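Colleague: Protein sequence lines correspond, in order, to chains A and B.
Numbering-wise (the numbering used here), the first sequence opens with residue 1 and increments by one.
Numbering-wise (the numbering used here), the second sequence opens with residue 1 and increments by one.
None of these hints come from the bench; they were simulated from the model.
It is possible that some hints are incorrect.
[Said to hold, decoys possible] Per the computed footprint, the stretches of chain A lying under chain B, defined by three or more beta-carbons under 8 Å from a beta-carbon of chain B, are:
#1 103-116
#2 291-297
[As the list claims (entries may be wrong)] The calculated SDA-like cross-link candidates involving lysine to any residue, where the alpha carbons are at most 20 Å apart (straight line), are:
#3 B:Lys-59 <-> A:Thr-20
#4 B:Lys-59 <-> A:Ser-55
#5 B:Lys-64 <-> A:Tyr-219
#6 A:Lys-452 <-> A:Thr-472
#7 A:Lys-440 <-> A:Leu-469
#8 A:Lys-452 <-> A:His-438
#9 B:Lys-59 <-> A:Asp-258
#10 A:Lys-357 <-> B:Asp-40
#11 B:Lys-59 <-> A:Tyr-219
#12 A:Lys-357 <-> B:Glu-45
#13 B:Lys-59 <-> A:Ala-111
#14 B:Lys-64 <-> A:Lys-452
#15 A:Lys-452 <-> A:His-181
#16 B:Lys-64 <-> A:His-438
#17 B:Lys-64 <-> A:Glu-22
#18 B:Lys-59 <-> A:Gly-15
#19 A:Lys-452 <-> A:Tyr-219
#20 A:Lys-440 <-> A:Gly-15
#21 A:Lys-357 <-> A:Ala-217
#22 B:Lys-59 <-> A:Gly-90
#23 A:Lys-357 <-> B:Lys-64
#24 A:Lys-452 <-> A:Leu-469
#25 B:Lys-64 <-> A:Lys-440
#26 A:Lys-452 <-> A:Arg-470
#27 A:Lys-452 <-> A:Ala-428
#28 B:Lys-59 <-> A:Lys-452
#29 A:Lys-440 <-> A:Ala-428
#30 A:Lys-440 <-> A:Arg-470
Since the model is a prediction, treat every value here as computed from it, not as a measurement.
Every residue, glycine too, gets a C-beta built ideally from N, C-alpha and C.
Okay, here's what each chain looks like letter by letter:
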Amino acid sequence: MGVETEFGVHYSHPGSRPLTPEEVARYLFRPVVEWGRSSNVFVSNGSRLYLDVGSHPEYATAECSTLDELVAVDKAGERVMQELIDEATGHMRADGFTGTIYLYKNNADSAGNSYGSHENYLLNRRTEFRRLSEALIPFLITRQLVSGAGKAIGVRTGVSDGGLHGSGGTEGPMSGPPEPHFAFSQRADHVMEGISSATTRSRPIINTRDEPHADAAEYRRLHVIVGDSNMSETTQLVRFGATDLLLRMIEAGTPLGDHQLANPIRAIRQVSHDLTGTAQLELRNGGHRSALQLQRHYLAQATAFVREHGPHHDRVPAVLDLWERTLEAVESGDYSRIDTEIDWAIKHRFLSRYAAKNSLDWDAPRIAQLDLSYHDITPQRGLFSLLQSRGAAARFLDDAAIEDAVEHPPPSTRATLRGRFIRAARDARQTYSVDWTHLKLNDRPLQAISIKDPFQTESDRLDALIEHLRHTTGGESDSSSVHPV
Amino acid sequence: MSQQYGSSFEREDDSANGPDADPTPAPTGAAGQTSTADLDSLLDEIDSVLETNAEEFVKGFVQKGGQ
C-alpha cells in the first residue's frame, strides 16, 4: 500500500504583493533541487518528494505492508514538508518576502480547484478488474461516512454538483446556492466519473493507471483517487484498514452483492451533503439503498469474513470497532463516541462549537478559515495539531514513531533497501538514480539493482554494492546530507 | 527538527494556562473523552493564531488544480 498526498500552497502577507503558488513552490523545493539535482527525488525514508501538476508539493509514501507503517510514513510527510517551509521561509525573508507560508493537507482551494489523496493498493492480477471495480465503487462512494475529512460548505464553489441541487444534468450548474451546511467530504464535489485514465480533466473514483512497480504478470495496481486527505491517524487506520478488508474479500471471491449505482457521481455528492446518511441512492438494478445501509452491509460482510478467516493483522479489531462506532454515530446523530477519532467529526465538533459561541453560520469566512486551519500542517498553529495536543484528536502512534519514519523506511518492504542505498550513496558522495524498482550508481550502471518484488527486504547485490562504497570512500560520512533539509 | 516541534508545543501549552485557570462551565452534551476546559480554552485562543481578515485570507488561497 501507499498513499500520495498533494498539498495546497498558500502564501499570505496582508497588504503586500501576493506570491503565486508557483513562486512559493520554487522556494519550497530549492533545497530539494540542491540536494537531489531535481525537484523529483526519493528521500531517505524511501518515499518520493516532488512538484506535481499545478505546482503542488507532493509526497508519495514508500511502499508499506502494515497500517502502522503507512500512517507513520504518511504523517512523516507532513514533517518533511514542514522542514521545507522552515527553510523556504528563511530564503524568502532574505529576499524581502516576510509573509507566511501555509501548506494544507486538504483537497480544495477557495476557487473550486481540487488536488488529491491517492491510494495505491497492490492486487493479485488474477482478480478480474471489472468485477473488482464494480464491487468496490459503491463502497468507495459511501466510505466518506467514515473517512471524510469534513467540509464547511458556504458559498458556491463553481463546481458542478452532478445534478444534486439542479434539475439533473451531470455537468449542469447549480440552480441556486445550497443552504450553508457541513459535508462529509472535501473531495466528493470534485469527482467526475467512476473509472477512467484521467486525473485532472475529469477526476474518476478509480484511475485505471496500472503501473504495479512489480511483476506485472502477478500483480496489478489499484489507484483510488476519490479519498479525502486525512489529518487523523485513527481515521487513516479505518480508511486504509476497511478498504484493505474489502479488497481481500473481493480477491477471495466473497460475494458482496450487486450494489452498482445508477449514477455514481450524483450518489457521491448526495452522500457527502447528507450527514444523516439516509439519502436514497438509486441502484442500477432499480432498487435504492442509503449510504448507511451500504456501509452496514460492507461492515457485516467484513466482520463475517474476519470471523471465518481470522484477522490478518493485529489492528483488524480496531478497524472494525471504529468502523462500527462511526456508522452508529451517523445513524444516531450522536458523534460523541467518534469525535476524537474521525476527521469530519473532530472538525465538526470544533467548528460547530466555535460557530455557536460566535453566532456564525457555516458560510462565515471565519469558519472557512478554520476549515483550512484544520489542515494546516504547521504544528504550532494548525487546528488539527492544536486539537491533538489537547487530547481532542486521538492517535495510535506517537511522535517518536513519526520522527523515526522521517528518517527510516518501513522495514517490511523493499523501501528499506532503497533507503539503505540512498544513505550509502550519499555518505560516499556518489551520484545515483533511484525509482520505485531500480537502484543505480551513475558511474556503475552495470551494477544497477532491480527489485521487482515489493516485499523483498534483503539483497546480496545491495550488500555488496554498499560494501564496495564503504571501501572506495572510507572517509567520514556526511550524515547531514541524507536529507534535503 | 524534533526539538523545534517540542518547544512549539510547550509554548502553546504555556499559553493555554491562562484561560484554563478560569474554567468556563462545561456545556451539557459535550463529549466525555476530552477535557472540556481544554477545548473551551482553544475556542478562545484559536483567534490569536488565525490571520485577522478571514475573508481576504480564504479568498487568497487559490491553486491550480491538481490531480
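Colleague: Work down the list of hints and note, for each, if the structure agrees.
Modeller: Against the structure, the hints:
1. 103-116: holds (count 8)
2. 291-297: n = 0 at 8 Å, threshold three: violated.
3. B:Lys-59 <-> A:Thr-20: Status holds; Cα separation ~13 Å.
4. B:Lys-59 <-> A:Ser-55: With Cα atoms ~18 Å apart, Lys-59 of chain B and Ser-55 of chain A stay inside 20 Å; holds.
5. B:Lys-64 <-> A:Tyr-219: violated (34 Å)
6. A:Lys-452 <-> A:Thr-472: Status violated; Cα separation ~28 Å.
7. A:Lys-440 <-> A:Leu-469: Holds: Lys-440 of chain A and Leu-469 of chain A sit about 12 Å apart, inside 20 Å.
8. A:Lys-452 <-> A:His-438: holds (8 Å)
9. B:Lys-59 <-> A:Asp-258: Not satisfied, since the Cα-Cα distance of roughly 43 Å exceeds 20 Å.
10. A:Lys-357 <-> B:Asp-40: holds (10 Å)
11. B:Lys-59 <-> A:Tyr-219: violated (44 Å)
12. A:Lys-357 <-> B:Glu-45: holds (13 Å)
13. B:Lys-59 <-> A:Ala-111: This hinted pair holds, its Cα atoms lying about 8 Å apart.
14. B:Lys-64 <-> A:Lys-452: violated (35 Å)
15. A:Lys-452 <-> A:His-181: violated (48 Å)
16. B:Lys-64 <-> A:His-438: Between Lys-64 of chain B and His-438 of chain A the Cα gap is close to 32 Å, so the pair fails against 20 Å, i.e. violated.
17. B:Lys-64 <-> A:Glu-22: holds (9 Å)
18. B:Lys-59 <-> A:Gly-15: holds (14 Å)
19. A:Lys-452 <-> A:Tyr-219: Measuring from Cα to Cα gives roughly 11 Å; hence the hint holds.
20. A:Lys-440 <-> A:Gly-15: violated (49 Å)
21. A:Lys-357 <-> A:Ala-217: Since the Cα atoms of Lys-357 of chain A and Ala-217 of chain A sit roughly 59 Å apart, the hinted pair is violated (cutoff 20 Å).
22. B:Lys-59 <-> A:Gly-90: violated (25 Å)
23. A:Lys-357 <-> B:Lys-64: Violated, at roughly 35 Å.
24. A:Lys-452 <-> A:Leu-469: Measuring from Cα to Cα gives roughly 23 Å; hence the hint is violated.
25. B:Lys-64 <-> A:Lys-440: Measuring from Cα to Cα gives roughly 34 Å; hence the hint is violated.
26. A:Lys-452 <-> A:Arg-470: violated (26 Å)
27. A:Lys-452 <-> A:Ala-428: violated (26 Å)
28. B:Lys-59 <-> A:Lys-452: Outside the cut-off at roughly 46 Å; violated.
29. A:Lys-440 <-> A:Ala-428: At roughly 14 Å apart (the allowed maximum being 20 Å), Ala-428 of chain A and Lys-440 of chain A satisfy the hint.
30. A:Lys-440 <-> A:Arg-470: This hinted pair holds, its Cα atoms lying about 16 Å apart.
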